[in-house]
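Visitor: Okay, here's what each chain looks like letter by letter:
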Amino acid sequence: MEKLIALLIAAPLLGAAVLLVGGRRLDRVGHWIGTLLSTASFVFGLLLFADLLGRNAEHRTLTQHLWSWIPVEGFQADVTLRLDQLSMTFVLLITGVGSLIHLYSVGYMEHDERRRRFFGYLNLFLAAMLLLVLADNYLLLYVGWEGVGLASYLLIGFWQHKPSAATAAKKAFLVNRVGDMGLSIAIMLMFTTFGSFAFGPVFGHVGDASQGKLTAIGLMLLLAACGKSAQVPLQSWLGDAMEGPTPVSALIHAATMVTAGVYLIVRSAAVFNAAPDAQLAVTVVGAVTLLFGAIVGCAKDDIKKALAGSTMSQIGYMVLAAGLGPIGYVFAIMHLVTHGFFKAGLFLGAGSVMHGMNDEVDMRKYGGLRKYMPVTFVTFGLGYLAIIGFPGLSGFFSKDKIIEAAFAKGGTEGWILGGAALLGAAITAFYMTRVMLMTFFGEERWKNRPTRSPGAPSAEPAAEHRGEHAEPHPHESPKVMTIPMIVLAVGSVLGGGFFSIGDRFLHWLEPVTGHSEGHSPVSAGEVTAATMVCLVIGVAIAWAQYGRKPVPAVAPRGSLLTRAARRDLLQDDFNHVVLVRGGEHLTRSLVYLDHSLVDGVVNGTAAGFGGLSGRLRRFQNGFARSYAVSMFGGAALLVAATLLMRAV
Amino acid sequence: MNPVNYLYLAGLLFTIGATGVLIRRNAIVVFMCVELMLNACNLAFVTFSRLHGNLDGQVFAFFTMVVAAAEVVVGLAIIVSLFRTRHSASVDDASLMKL
Amino acid sequence: MSFPLLTATAALPAVGAVATAAVPAARRTAAKWLALLVSLGTLALAITVLVRFDPGGARYQLTESHSWISDFGVRYELGVDGIGVALIALTAVLIPFIVLAGWHDADPLETGSRRWRPTQGFFALILAVEAMVLISFEATDVFLFYIFFEAMLIPMYFLIGGFGDRAHAQGEQAASTQRSYAAVKFLLYNLVGGLIMLAAVIGLYVVAGNFSLQQIAEARANGSLHMATSTERWLFLGFFFAFAVKAPLWPLHTWLPNAMQESTAPVAVLITAVVDKVGTFAMLRFCLGLFPGASRWATPVILVLALISIVYGALLAVGQRDIKRLVAYASISHFGFIIMGIFAMTSQGQSGATLYMVNHGISTAALMLVAGFLISRRGSRLIADYGGVQKVAPVLAGTFLIGGLATLSLPGLAPFVSEFLVLVGTFTRYPVIGIIATFGIVLAALYTLVLYQRTMTGPVKPEVSAMPDLKVRELLVVGPLIVLLIFLGVYPKPVTNIVNPAVRHTMSDVQKKDPKPEVEAAK
Amino acid sequence: MSTPAVHSLWTTAADRIPQIGAPKIEYGQLSPTLIIIGAALVGVLVEAFIPRRSRYYAQVFVSVVALCAAFAAVVGLAADGYGTTKAHIAAMGAIAVDGPSLFLQGVILLAGLVGLFTFAERRLDPAAHGNRVDSFAAQAASVPGSEGEQAAVKAGFTTTEVFPLLLFAVAGMLVFTSANDLLTLFVALEVFSLPLYLLCALARRKRLMSQEAAVKYFLLGAFASAFTLFGIALLYGYAGSVSYGRIAQVVDGSVTDVSPALAGTMGNDALLLVGGALLVMGLLFKVGAVPFHMWTPDVYQGAPTPVTGFMAAATKVAAFGALLRLLYVVLPGLRWDWRPVMWAVAIVTMLGGAIVAITQTDIKRLLAYSSIAHAGFILAGVVATSKNGVSSVLFYLAGYSFVTIGAFAVVTLVRDAGGEATHLSKWAGLGRRSPLVAAVFAVFLLAFAGIPLTSGFAGKFAVFKAAAAGGAVPLVVIGVISSAIAAFFYIRVIVLMFFSEPKPEGPTVAVPSPLTTLAIGIGVAVTLVLGVAPQYFLDLASQAGVFVR
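Chains as they are written, first to last, in UniProt numbering: chain A, 1 to 648; chain B, 1 to 99; chain C, 1 to 523; chain D, 1 to 549.
Any given hint could be a false lead.
Here are a few chain D residues that face chain A, going by a calculated C-beta distance under 10 angstroms [what the hints assert, rightly or not]:
(1) Leu278
(2) Met294
(3) Pro297
(4) Ala344
(5) Ile347
(6) Ile358
(7) Ala428
Below, simulated PhoX-like cross-link-like pairs (lysine-lysine); rule was C-alpha separation at most 25 angstroms, straight line [stated by the list, open to error]:
(8) A:Lys479 / A:Lys549
(9) A:Lys371 / A:Lys549
(10) C:Lys493 / A:Lys3
(11) D:Lys426 / D:Lys206
(12) A:Lys371 / A:Lys213
(13) A:Lys213 / C:Lys391
(14) C:Lys461 / C:Lys493
(15) C:Lys391 / C:Lys471
(16) D:Lys206 / B:Lys98
(17) D:Lys206 / D:Lys24
(18) D:Lys86 / D:Lys503
(19) A:Lys162 / A:Lys213
(20) D:Lys426 / B:Lys98
(21) D:Lys24 / D:Lys86
(22) C:Lys516 / C:Lys493
(23) C:Lys461 / C:Lys471
(24) A:Lys162 / C:Lys391
(25) A:Lys162 / C:Lys493
(26) D:Lys503 / D:Lys387
(27) C:Lys391 / C:Lys461
(28) C:Lys493 / A:Lys213
Restraint ranges, calculated between C-beta atoms of paired labels, are given here [claimed, not checked]:
(29) C:Tyr181 / A:Leu36: 32 to 40 angstroms
(30) B:Phe62 / A:Gly610: 51 to 59 angstroms
(31) C:Ala26 / A:Arg28: 47 to 55 angstroms
(32) B:Leu96 / D:Arg52: 29 to 37 angstroms
(33) C:Arg296 / A:Asn621: 17 to 25 angstroms
(34) D:Val44 / B:Ile28: 36 to 44 angstroms
(35) C:Arg321 / A:Leu561: 36 to 44 angstroms
(36) D:Tyr536 / B:Val29: 30 to 38 angstroms
(37) D:Pro514 / C:His226: 51 to 59 angstroms
(38) A:Arg28 / C:Leu476: 25 to 33 angstroms
None of these hints come from the bench; they were simulated from the model. Every residue, glycine too, gets a C-beta built ideally from N, C-alpha and C.
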């Protein structure tokens, strides 16, 4: 059965290779090949899942050693895959959601002549992501880690001829690289500490390692997680990443890749458990981000950016949970999975909306769409309910648990974190309601006006192919797009309940992550109640602002906070001023120095000899008698020197 | 009288000759100064020969004369041809090649 | 005595060079094919070497030893250890691609005198360089090595100064002046380095009385040869200076950008991917092998310089406007990594460094050659003159991207393995330096992606709108290189297998042990 | 002067007379020199009696035969072991027949032969009035530009005297290297200098410069030899003898029979030191060491190029031969006095030559300065004061002389309307116009620069190795630096030839006769052979590295 694990990765990898190398002759069938192979991978996943279920909890870890990768004196890196409950969960999420989104893209990218390549990239992403979650050592994980980075780079910049897209792609890769730096340093630390970076040895010897080393490793891993999962302070790339086609945003920047950070932390549970300081840092990052993302989400008029903000904040929840240690790991993953469902659903919905609206992304130009695209409305709505944590839907279960766990951390920390989580819940309710209202309710602001007003951000240029700039005719998307949405909607409705009833998920994952029931100062019931209250408040405020009064088609100036939030709370501007500008100045001055100083010294020496030579040759003045003088002087010197030598 | 004085004389003559080479412009005169230096050497030879009481020095002196004579032949030939070309025997005029 | 395989490997290209040069002016195509065949033949021989080499065997294998200039204590001694084999293979692999890539680079613009045969000369010189490089990888006699280390400069010099890019921005006249400036700079820099090394070589003779690595090592071992500390250090510095110029190490690097910028892409590859490797190789074999004490003594300074090279090179690469200059500075940064790996004095570091030499050779070749194809199409080296190429020439853009990703050492491609090994190897002994060095990977991403974005993405520039995609010949050059990159990235074991034993020897040369991991140390 | 002294002088003279026996001369061992002198005399007779038309051929024939025969004689002697085991002092102590002298004589003879080929070249200059002409004045006596000269040219005169002159010079050099007493040394010095003075004056083109060169060379040469002579006088005064062996004994105090007069002079070191210094200075003048080098550029530039080549090669060989013998045989006892001085001279010579050469614009002057720099390198070997030092110098000289002659031979090929185009700017793009010639010249330049696989490198390595072994490490370092500087201008010429566009009105490369081709060919061959497989010649040199005392 282990043999199948490699196939999980091999299938999409093959797809990527075929599609990218195959060339134009595959243009017509390319997308189906891609979809097929990702589905195949999903099927393998299911088979393995069945196999795991067949075993008892202790023996649910399968490993497959493929080959010895980097064998060097004292340094062994193998290509070994490890399938346990944790990675299994991810495999199913990735391949499942992935396949759905492949399907969706078939319709969505229909009019793009580079569709084959798009599917190639998607498959490449799946392969890399699967490698990430299946790797048995950190170095191999690193390969997947950067692989998904590459895939996301390629997909964000898929419409490369758009400078904004190209820039966003580059930015995403660079910010991720900063995170990767953290990961590689972490690996080096592990190597110096444990002499290995394979999961087994590392987790096995955590006990023998010094506290400082462990904390350092933990922090470095956290840095990596921040990069990949768009956590403060490395969150800036996620918003721009929305330049990519919407399916990409759904798959990579909502459901799967961005959650890799959470996976990393949960996977490294052993290390973090032994390094409380690192854990604290994790929780702080999580809490900050969940508020940060939520606030940003409130201010965005671009539907995808709003959703991106929400993604950020939801992942903040997960990181927070992961930081809480054994209390939280399971719920982090659980929220991760449910979030995978509803956020993917929401994005696909957004895509479907844009599809019907000539790729308009500005929500202020939407409105009242519910009767034009009912399926989208329903699926989107369910996703909405799920994310705000409407009782009974998946978000409700997972998020609630996290908040509970946050309080359970105890002490002031517990209160602060819990409070933050609650506040986050409220804000979430607010901005999601806002999105909902602006898009599907209210008057139809897109009437009697050509969309794509000059100022508005121009998103997907598929429009250019259709060449429409006139008033849009909202319409429902084709089946191939709606079916995935429906499936995901179902997932987001039932998922949470299915997992939580009888703590199925808990028992499933516990053997890997371990679990401990924290005794929370506030009872579960109270937390739920509080959450509900926040939820209601959030929705109410949103209704008051966007439901009752009409939404202005042009964004009002807004309060200072609003404006700041629109600019991602100025964090990006900071980067620009400090890093970009500063870097440019640095490089420019270095270029100058290299030329004038380092090179100057060399050329200077040459010139110096030239000058000396020019001066010396003047003695050669052509007069025989002056030559005689020099000879005479020379002779005198010679004699004098000889005598001197004897004297001394 | 002490033969060493002859040495002083030789040194003096030699110096005079050398100085002449350095300061005189006319090639012939320069050349004569060289001859003077050679003679100074001869004087030294003979003196030392007397001092050491062997004949090597004297023999050397004769050879020097012969060599000097040969030198004169060659030297005059060159100088004369130069003079005929340039209508001047000044050493300083011949300074086409420099630097 | 057995068939002198190593001699043959080096002799074939040498003979080929003469033959190519002798091809009559009219038959330049014949010359090209001849050169290609010879380089392929050499590849075959190199592969034989690879096969005949037994990783488990003696340190130096396939040895040949003949008396040559006994007066100078010089012997014609050849022999390869794992490191040598790896680099010989690299050289032999790259040259055919270089020849193929430079197929049209030396077609004469104007028909000069009928005796002027640039094409023949171009390929003959390339082969000559190959021969000399191979010998210097094979020589186990310091003097023999030195001779070819120096002689190599002459053909390189003519390659740089004699052949440049077509359609130079400021016209042919300006181009040729800049070219000869670059060539002279290259030659003088390296000659000065070489001459200072000469002094050290003489010194070594005075101290040791011969030049054979083995003999000196033995004499060291049995105590019959004792070097005073100060002498050893001076000699080390003499050697290291030459290699640092060749490598090149900051601040002796400024010749490289000029040379790579002015020469044609294949020659640029020849410089940075093949010839410069002799420098780093020699550090590993001669600096560490002959002067272990001094090497340990100099390590801190050298590591700092290497670190500066890494960061400095990367930063300057970011600031470049000229594609080739950018690649040149990138290479400087990479050489920093190599040197760092060598002097970290850990198994990982040195294996990594050796691997790095090979991988950097391949990746730079891929990137630079594609860049060359790009430049030859547009006739400009300036990044600003390009834009949106991927729309008109997707394959070119794709290969260029892969080359770039290799340069920023993306996991899964060969350079990642070596770079990580170097980093780990350094980190285990010098954590701070290791950490600072990792900033290099961010900067690498920066300059590569900026280059790609500016040239390949964005709206299509009118000048490039008619740009043709890669031709078959060009694909034949790039394709295999990319395959190699991926293969060695996924399965570097073949290389590490032959390198590891050699590294073990070097480590014992410098009497260094890898630091123990904390956990074991605790026990 | 007092009477008894006179009387005693008479009596001593009287006593001596009967004791004078017939000198014993080993003609066999002197045969090389004798052959050459004989041939030179024959050459004079040829000038006197053979009709003008056939003189050229007769002279070339005689000279070639003589040089070959002499070389054969040298080889024969060496084979007999006169270089090693049977090395001894011949001709009543006047001539030393030993390794160094034979080796250098061989080199000089070959250099003379190759030089002769370039002398005899008659294809380069366009034929004047239908008769081929060489690079020497039609009639040296006629005033440049006068109708006398035109008449001479019309009549097809050629100065065939150059061949005997060459032979005389060679003869002088042969003796110079093997002279074993100061008298022979001095006479030999003049014997080879005087013909060279004349040869310098005999250029066919640019005769003013030629004559100027001759005058400068002659006056300065005479000046220098005056110093030499004075030095000799003082040495004689110190030691009471002119024979090397005797002086050496006196210097290191191993002399047995000390007459009171000798005791007196021996006490006076000033005589010795000043005398030695002046004598060495005379030789340094010949090798062209700073600060006695200033004649070199002018003379090299003005003299007919074949003469320059021969002079540059052979004079250096002979002068260094004599210098070595002087320092190693006569003044070894003085080592601690002259070594530091020679150090200084070597350093300034290396640096001075290299630096000043950087800014030269005339190829012949450039080569002149490079020869100065090389003199410095060789001096580095001289100060090694070891057997290795000697043999390394011998080897270096052998390699260097052929490179030099070859290089100057190439210079004769590059011509324009005004004769040889020696200004560097004219050499631009030569590599495009005639790659072969340019390549050959490049080889010579690389040899000068000491690039491996050329004789220059082997020689330089040998010399520096000996110097370093002799403890002169700083000297080696400076030598290395200055050869780096020197490399700069050799490279400049190569750049000029290959990388710069040819000028439309640039010079043409004349197609030489087999003679010059042979000269150049030999030059290239020797350069490469000594570069790639120097062992045999190194052995030769090291066998020859012992002076007989």
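Visitor: Determine for every hint whether it applies to the structure shown.
Guide: Results of checking the hints against the structure:
1. The interface hint given for Leu278 (chain D) is met, as the beta carbon of that residue sits about 6 angstroms from the closest beta carbon of chain A, less than 10 angstroms.
2. Hint status for Met294 (chain D): holds, given a least beta-carbon distance of 4 angstroms to chain A, under 10 angstroms.
3. A least Cβ separation of about 6 angstroms between Pro297 (chain D) and chain A falls short of the 10 angstroms threshold, and the interface hint therefore holds.
4. Residue-level restraint check for Ala344 (chain D) holds (minimum Cβ-Cβ distance to chain A is 7 angstroms; threshold 10 angstroms).
5. Annotation: interface hint on Ile347 (chain D) violated; nearest CB of chain A at approximately 13 angstroms, more than 10 angstroms.
6. Contact between Ile358 (chain D) and chain A, as hinted, is supported at the beta carbon level, the nearest pair being about 4 angstroms apart and thus within 10 angstroms.
7. Interface restraint check: Ala428 (chain D) against chain A, minimum CB-CB distance 19 angstroms, threshold 10 angstroms, status violated.
8. This hinted pair does not check out: Lys479 (chain A) and Lys549 (chain A) have alpha carbons roughly 35 angstroms apart, beyond 25 angstroms.
9. As the CA atoms of Lys371 (chain A) and Lys549 (chain A) are separated by approximately 20 angstroms, the hinted pair is consistent with the 25 angstroms bound.
10. Under the criterion of a C-alpha separation no larger than 25 angstroms, the hint pairing Lys493 (chain C) with Lys3 (chain A) is consistent with the structure, at around 22 angstroms.
11. For the given pair, Lys426 (chain D) sits about 17 angstroms from Lys206 (chain D) by alpha-carbon distance, which is consistent with the 25 angstroms threshold.
12. Taken as a hint, the Lys371 (chain A) and Lys213 (chain A) pair is broken in the structure, with Cα atoms around 59 angstroms apart against an allowance of 25 angstroms.
13. A threshold of 25 angstroms between alpha carbons decides the hint, and for Lys213 (chain A) with Lys391 (chain C) the separation of about 49 angstroms lies outside it, so the pair is violated.
14. A threshold of 25 angstroms between alpha carbons decides the hint, and for Lys461 (chain C) with Lys493 (chain C) the separation of about 44 angstroms lies outside it, so the pair is violated.
15. With a CA separation close to 16 angstroms, the supplied pair Lys391 (chain C) and Lys471 (chain C) stays within the 25 angstroms bound.
16. For the given pair, Lys206 (chain D) sits about 15 angstroms from Lys98 (chain B) by alpha-carbon distance, which is consistent with the 25 angstroms threshold.
17. Taking the CA atoms of Lys206 (chain D) and Lys24 (chain D), the gap is about 49 angstroms. The hint is violated against a cut of 25 angstroms.
18. The straight-line distance between the Cα atoms of Lys86 (chain D) and Lys503 (chain D) is roughly 60 angstroms, outside the 25 angstroms bound, and the hint therefore fails.
19. A C-alpha spacing of about 45 angstroms is found between Lys162 (chain A) and Lys213 (chain A), which places the hinted pair above 25 angstroms, so the restraint is violated.
20. Of the pairs offered as hints, the one joining Lys426 (chain D) and Lys98 (chain B) holds, with about 19 angstroms between alpha carbons and a cut-off of 25 angstroms not exceeded.
21. The suggested pairing of Lys24 (chain D) with Lys86 (chain D) holds, with an alpha-carbon distance near 17 angstroms, which does not exceed 25 angstroms.
22. Annotation: proposed proximity of Lys516 (chain C) to Lys493 (chain C) holds, straight-line Cα distance about 24 angstroms (limit 25 angstroms).
23. Taken as a hint, the Lys461 (chain C) and Lys471 (chain C) pair is honoured in the structure, with Cα atoms around 21 angstroms apart against an allowance of 25 angstroms.
24. Restraint check for Lys162 (chain A) and Lys391 (chain C): the C-alpha separation of about 11 angstroms stays at or below 25 angstroms, so the hint holds.
25. As the CA atoms of Lys162 (chain A) and Lys493 (chain C) are separated by approximately 42 angstroms, the hinted pair breaks the 25 angstroms bound.
26. For the proposed pair Lys503 (chain D) and Lys387 (chain D), the alpha carbon gap of about 51 angstroms is over 25 angstroms, so the pair is violated.
27. A hinted pair counts as satisfied when its Cα atoms are at most 25 angstroms apart, and Lys391 (chain C) with Lys461 (chain C) qualifies at roughly 10 angstroms.
28. Annotation: proposed proximity of Lys493 (chain C) to Lys213 (chain A) is violated, straight-line Cα distance about 31 angstroms (limit 25 angstroms).
29. Remark: the range hint 32 to 40 angstroms for Tyr181 (chain C) to Leu36 (chain A) is contradicted by a beta-carbon distance near 59 angstroms.
30. Separation of Phe62 (chain B) from Gly610 (chain A) is about 53 angstroms and conforms to the stated range, judged on CB atoms against 51 to 59 angstroms.
31. Taking the beta carbon of each, Ala26 (chain C) and Arg28 (chain A) are about 50 angstroms apart, inside 47 to 55 angstroms as hinted.
32. A hinted range of 29 to 37 angstroms for the beta carbons of Leu96 (chain B) and Arg52 (chain D) is consistent with their spacing of about 32 angstroms.
33. A C-beta distance of roughly 56 angstroms is found between Arg296 (chain C) and Asn621 (chain A), which places it outside the suggested range of 17 to 25 angstroms.
34. A beta carbon spacing of about 27 angstroms between Val44 (chain D) and Ile28 (chain B) contradicts the range 36 to 44 angstroms that was offered as a hint.
35. Evaluation of the 36 to 44 angstroms hint for Arg321 (chain C) and Leu561 (chain A) yields a pass: the beta carbon distance comes to about 42 angstroms.
36. Distance hint check for Tyr536 (chain D) and Val29 (chain B): the Cβ-Cβ separation is about 54 angstroms, which falls outside the suggested range of 30 to 38 angstroms.
37. For Pro514 (chain D) and His226 (chain C), the hinted distance range of 51 to 59 angstroms is satisfied, since their beta carbons lie about 58 angstroms from each other.
38. At about 28 angstroms, the beta-carbon gap between Arg28 (chain A) and Leu476 (chain C) stays in the expected band of 25 to 33 angstroms.
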